[in-house]
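Protein chains: 6
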Amino acid sequence: MVDVTAKPATSRTAVAHSFVRMQRATVGSVRRLKSPKGDPLEIARIAGITAAKRTSELIPLCHPLALTHVDVRAKLCQNGIEITSSATATGPTGVEMEALVGASVAALTIYDMCKALERGMEITELYLVKKSGGRSGTYVRSAAGARKRGKA
Amino acid sequence: MVDVTAKPATSRTAVAHSFVRMQRATVGSVRRLKSPKGDPLEIARIAGITAAKRTSELIPLCHPLALTHVDVRAKLCQNGIEITSSATATGPTGVEMEALVGASVAALTIYDMCKALERGMEITELYLVKKSGGRSGTYVRSAAGARKRGKA
Amino acid sequence: MVDVTAKPATSRTAVAHSFVRMQRATVGSVRRLKSPKGDPLEIARIAGITAAKRTSELIPLCHPLALTHVDVRAKLCQNGIEITSSATATGPTGVEMEALVGASVAALTIYDMCKALERGMEITELYLVKKSGGRSGTYVRSAAGARKRGKA
Amino acid sequence: MVDVTAKPATSRTAVAHSFVRMQRATVGSVRRLKSPKGDPLEIARIAGITAAKRTSELIPLCHPLALTHVDVRAKLCQNGIEITSSATATGPTGVEMEALVGASVAALTIYDMCKALERGMEITELYLVKKSGGRSGTYVRSAAGARKRGKA
Amino acid sequence: MVDVTAKPATSRTAVAHSFVRMQRATVGSVRRLKSPKGDPLEIARIAGITAAKRTSELIPLCHPLALTHVDVRAKLCQNGIEITSSATATGPTGVEMEALVGASVAALTIYDMCKALERGMEITELYLVKKSGGRSGTYVRSAAGARKRGKA
Amino acid sequence: MVDVTAKPATSRTAVAHSFVRMQRATVGSVRRLKSPKGDPLEIARIAGITAAKRTSELIPLCHPLALTHVDVRAKLCQNGIEITSSATATGPTGVEMEALVGASVAALTIYDMCKALERGMEITELYLVKKSGGRSGTYVRSAAGARKRGKA
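These protein sequence lines map, in sequence, to chains A, B, C, D, E and F. Here our numbering is used: the first residue of the first sequence is -16, the next is one more, and so on. Here our numbering is used: the first residue of the second sequence is -16, the next is one more, and so on. Here our numbering is used: the first residue of the third sequence is -16, the next is one more, and so on. Here our numbering is used: the first residue of the fourth sequence is -16, the next is one more, and so on. Here our numbering is used: the first residue of the fifth sequence is -16, the next is one more, and so on. Here our numbering is used: the first residue of the sixth sequence is -16, the next is one more, and so on.
Only chain A is shown next, with the shape it has when bound in the complex (with noise of 0.2 Å):
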């Protein structure tokens, strides 16, 4: 684990992006699934959420850090379920694997809830949009990475 005693608390941020690709009628079942089960959107939200809070118990040489905020939004598109993750905490070290866990789990639960529907569908584009804070500075994903998205 790298030693972060020595460094100052700072405010950090970071986004991330996930995708989960599906076939069109998938995504008019999701549309649909809203009201009798459950609305996987919101699950997948909710479970997003709550994995981010523990990413120093799944990824083992991440630092635990007392989260200020996250939050993990997942939108329907044509093609499937476009998830995006932020996360903020005021501490030495950043919150990269914080927002990409959040987006991870988030399109993992959607497809824990779609795969009766359809096994083929596949989690795509995990990356991080950007961070701020700390002494890297702030990173923002270049526009190569933005077109990728548009093909998705």
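Any given hint could be a false lead.
Where chains are identical, the list cannot tell them apart; a pair therefore holds if satisfied intra-copy or between any two copies.
Below 25 Å or equal to it, Euclidean Cα-Cα: the simulated DSS-like pairs (lysine-lysine) are [unchecked claim]: (1) K98 x K58; (2) K58 x K113; (3) K98 x K113; (4) K(-10) x K98; (5) K(-10) x K113.
Rather than coming from a laboratory, the hints here were simulated on the basis of the structure. This one's a predicted model, so the numbers in the text were calculated from it and none came from an experiment.
Take the given structure of chain A and dock chains B, C, D, E and F to it, following the hints.
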């Protein structure tokens, strides 16, 4: 949660795949990092296995299962690291999510260990390769998926 | 911990009840909150199901059980939110605690989401409604309990 | 999750209450059970403290907090066991949920340990007694609540 | 992880031992501490049982098992506290690790509760006393181990 | 739980030691096992670090702490494997338990990986080597402890 009380306990297996795309220089560093601070592939393997056992804590509507086997393998490729994860249990429901969680957390662990080298890495192609057992029988991902993987 | 090694694995079910008493104005707000920041009833449902699966971590002398079904329902009433939680497993011991933990954590989640509106809410009437299976057979809460609930 | 990033870290305290209502014969048994298989009040106390520390895992939109103190007390009464739980932390958000989770899991643990004696026990009067710190200042439950407790 | 899918589910038992060596004055304090702030032996017992149930989360290549019994006993000796922990399950693999984790965490809990009195305490003699069940049959620690224990 | 609310947050460090005593033949096997099924020393290291982060879940009266560094090292000796674990945090209370939990779970992991070779292994000499920070200042284990270690 789907009620699986009346379903018979049968042997279930699932295999999942994920890929961490990175620059060739980063792949080279991962290879060399093996000695000083620990082997990223081995740490990812352990993280994936450990996480697979906790799938029902992470995915809200997943049933707890007594897994009889979990394996995660991480392999260096030219442009990234390919992960294969498998899970087995004897129970009333399948182990697809356990295999997918294993592949996902192994990939996130690699991201964590390499993020100082390249923040732009992308986790992609997380999908079910095959599963067997249960009423729905055997599923094998079609050639289209395989072709896609080839392009990675 | 009671030794249940010699007891046969049979099908067990339990249903639990809880009630979050709140002012009518708060009930009205919960109904309207559904859209902007998430549906408190749905989030409580997910939290209750997830917690029920972790009962043996929370209650020191509870046995771990492979639950085959958990369900939590939250319903808006005039003066609060009524929660019903059920759990099922095939095993050597009962699932009363799993149902009670589900009802309890769902109620606490509602408190958490509504506490900015009314700190004086009270969680009450957390009890076992019925259970079946096992050597002690079926238990159904008597009419006195039902009457009590009517007053809520 | 509410974003508390901009809120100053101040000292926060909360006290919660719960009550496990049981028959007098059961109260008597709890008193006598102290010697052979462990003291239910002590086990409940430990379970409540341990659970309070995991509040952010159980309640989806709760922030993780570095608690500096948790205490749970369980007291035998004529018709049940009264639990008082307190939590303290220095942070940007309150500890009401931590105190309530402590009181709730301590009560559930008592239910678990006594359920062979009386399945009809009821957990009731789980509420916030008081809290201090933070922008909303001090809250003390009004006399109506106290009166209600008197009736228990 | 060893693949135990093909192994039959049989009854498995294991007993483990640990010892917390401390000065006589500390042993005396533990005896007297029983009243004011809680009984260290009882808290250690509960901590050990609870941890044994989470063995597969702590030990990376351990299989999850539905334990049917766990017991931990802590006994004051002249020069320390002796802990015996037992675990039982019906499953395809043994419960040695569960018994050892129980004995280990109980010992650590005693260290935690007594460290203000004596930081130099040492946890020692953590070993498997016996195990039964499974293809490898019964194991009983030899007299050499017993003799060693006698010296403690 | 000791109330540490009023104590200032200072930098705290602790180092712990443990030893897994095994036969020379087993030590030799551990050395050779490195290639096929994973390196036991590396897996023990990861297990120890991960467990240290969860100390407050395992030890009932331990405060949760935001660790800024954890390290675990395992070294092959003639008659066993020696483990050194260190933990650091800035907080109102010490990190002795975190270091001890790391050393303990690393040792248990080695036991788990080698138990098919030798069930009679013994975990011993788990103690605090030193700690610094806090009101009680620096503690260094005396030469007697060191001598003892020499005998291992």
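Of all the hints numbered above, which does this structure not satisfy? Sort the numbers upward.
Violated: none.
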